[in-house]
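Now for the letters of each chain:
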Amino acid sequence: MTIDVSISVVHVVDDEAPFRRSLLFLLESSGWQCVGHASAEDFLLAAPAFPSGGGCIVLDVRMLRISGLELQRRLQEAGSAYPVIFMTGHGDVDLAVQAMKDGAIDFLQKPFREQHFLDTVERAVRLSLERHNASLRSQCAQQTLDQLSARELEVARWLALGLSNKEVGRELAISENTVHVHRQHIMDKTGAGGAADFARLILRANPSGLD
Amino acid sequence: MLLALLTLPAGDGEPGWSVPADYRPVHELLRRLQIGPYAFLRESGWRSIVQRIWPWLAASIALLLLWAVYTVHVEHLVQRRTRELRAALAERRELEMRMRNSQQQMEHLSRLSILGELAGRLAHELNQPLAAIANYARSLLRRQERGSLSAEALGQAAAEIASEAERAAGILNGIRGFARKRAQERSARDMADVVREAIGLMGSMLSQAPAFVIHDRLGARRTVLIDTLQVQQVLLNLFKNAWDAQQAAGEAWPIEVGLDTEADLCCVTVRDHGPGLTTEQQEHLFEAFFTTKPQGLGLGLSICKTIVESHGGQLQAQAASLGAGMEFRFFLPCHSHPASQPATE
Numbered sequence: 001m002t003i004d005v006s007i008s009v010v011h012v013v014d015d016e017a018p019f020r021r022s023l024l025f026l027l028e029s030s031g032w033q034c035v036g037h038a039s040a041e042d043f044l045l046a047a048p049a050f051p052s053g054g055g056c057i058v059l060d061v062r063m064l065r066i067s068g069l070e071l072q073r074r075l076q077e078a079g080s081a082y083p084v085i086f087m088t089g090h091g092d093v094d095l096a097v098q099a100m101k102d103g104a105i106d107f108l109q110k111p112f113r114e115q116h117f118l119d120t121v122e123r124a125v126r127l128s129l130e131r132h133n134a135s136l137r138s139q140c141a142q143q144t145l146d147q148l149s150a151r152e153l154e155v156a157r158w159l160a161l162g163l164s165n166k167e168v169g170r171e172l173a174i175s176e177n178t179v180h181v182h183r184q185h186i187m188d189k190t191g192a193g194g195a196a197d198f199a200r201l202i203l204r205a206n207p208s209g210l211d
Numbered sequence: 001m002l003l004a005l006l007t008l009p010a011g012d013g014e015p016g017w018s019v020p021a022d023y024r025p026v027h028e029l030l031r032r033l034q035i036g037p038y039a040f041l042r043e044s045g046w047r048s049i050v051q052r053i054w055p056w057l058a059a060s061i062a063l064l065l066l067w068a069v070y071t072v073h074v075e076h077l078v079q080r081r082t083r084e085l086r087a088a089l090a091e092r093r094e095l096e097m098r099m100r101n102s103q104q105q106m107e108h109l110s111r112l113s114i115l116g117e118l119a120g121r122l123a124h125e126l127n128q129p130l131a132a133i134a135n136y137a138r139s140l141l142r143r144q145e146r147g148s149l150s151a152e153a154l155g156q157a158a159a160e161i162a163s164e165a166e167r168a169a170g171i172l173n174g175i176r177g178f179a180r181k182r183a184q185e186r187s188a189r190d191m192a193d194v195v196r197e198a199i200g201l202m203g204s205m206l207s208q209a210p211a212f213v214i215h216d217r218l219g220a221r222r223t224v225l226i227d228t229l230q231v232q233q234v235l236l237n238l239f240k241n242a243w244d245a246q247q248a249a250g251e252a253w254p255i256e257v258g259l260d261t262e263a264d265l266c267c268v269t270v271r272d273h274g275p276g277l278t279t280e281q282q283e284h285l286f287e288a289f290f291t292t293k294p295q296g297l298g299l300g301l302s303i304c305k306t307i308v309e310s311h312g313g314q315l316q317a318q319a320a321s322l323g324a325g326m327e328f329r330f331f332l333p334c335h336s337h338p339a340s341q342p343a344t345e
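Going line by line, the protein sequences match chains A and B. Heads up: the first sequence at position 196 corresponds to 196 in the numbering used here, and the numbers run straight through without jumps. Heads up: the second sequence at position 79 corresponds to 79 in the numbering used here, and the numbers run straight through without jumps.
Simulated from the structure, these hints should not be mistaken for lab results. A virtual CB, placed ideally from N, CA and C, is assigned to each residue, including glycine. Where hints are given, some of them may not hold.
Per the computed footprint, the stretches of chain A lying under chain B, defined by three or more beta-carbons under 8 angstroms from a beta-carbon of chain B, are [what the hints assert, rightly or not]:
#	segment
1	10 to 19
2	174 to 187
3	199 to 210
So the derived list for chain B, only partly shown, Cβ under 10 angstroms to chain A, looks like this [stated by the list, open to error]:
#	residue
4	Pro129
5	Ala134
6	Leu140
7	Arg143
8	Ser148
9	Arg167
10	Ile171
Work out the full structure, taking the sequences as your base and the hints as a guide.
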């Protein structure tokens, strides 16, 4: 997946203004679109929508009032697609462990090598795009499946599991012919070509949809 | 019977009974025989006296006894109180001494911990501006490589770099001001006294204080004009180093302190019997953050050097001339006036 830096956005949240500005300057030199926030509250207030080109948040661990870790937790609760990269001026090993456990991309100690920082940002943006696309696909598949009636969905599930029309009919106590009709309707509504497509669609909408 | 006797006919030449006219002879007889009413004469003088005055005697003896007991009791009480008082005084003196020792100990320890605190704080404070400066410089290089370096960006970065550098300098100035806050108090001191005080401090700081031998070869010119606390700090540092070196080598030699007068200089030599140092180690000895100790900060000797030099002296290190070990020697200019007593502490 290629990244278009002109439509992806990197958010820098750090209460240390000179350092924040220097990071923005650095990101801009690599062509990134970036926005600085002086505090976690500022970021939450701005509530930036997820950019089509992907994005990430570069977050200082220690900030007044809402800390970096707290912001990460809130974003996760809100289902944010932004990956988080942490920075610290201290050697906070415990914080680093906690942040990584909570799904941070990396934990950088200031001052860091600018190449490593930029590589990490790129990795985070790429991941955000992958995550975002996966979620888009999932939403799309869900919308497709939502067109089906409850019975049709049930038939589609059994067919996706590899059962024949006859076996599905036995399973649901309906005639083979009825199953055939359902199958035809499902194919019409979803545009799927067969059982394998049903399976792909169901799994895309919900990875545990066939359990 | 009296009638019969009195009416007895009197015969011639025979005694007859009559009424006595004089009883004196009888009394005389009785007195001589010490019987009858004169029976008391039979008893010897003392016994009778005793017998007659014994209640008085007993009473006075009892009184005497009571008085003696009372006196002894009071004497005992006085002695006990005196003992208690003396013990209390000694305890108080000891307490005062211990307090003074621990206070001095605390001062030295706190100076060490302040140093550690300061180093950590300094590292953190300087981290931000330095990181920002590095970011701007790297960004400029990147832009130049990509051919996207605009004059505007260059100006912005240069201004930020300058202001961050100034911020870092400001932090350092603050620390320098903090270090300068303690005014130097110089007083004229006998060099040997200062050394002895430092040895005393060393004893109170370490649970197993090392033994010291002082070779006092100071001449008439033995006075130095110094900030006693600072020079003690130097001595303590040298002593501690010597002690650590010997401990590491398992040597139980006493630490030797030589005091000499050389021309206009008072010279103090601290000689240990440790393993000594390599030539390379000796070269870096006085550099800040150079240490041969696993827990060392690497600041002790560099601070010592600064202190000695601020007193117009010099600090040198060399391998001991005889046997293993190191000799640390510092010179301080002699002061022309005699030492002021007592120690200003």
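Against which earlier hints does the structure fall short, listed by number upward?
2, 3, 10
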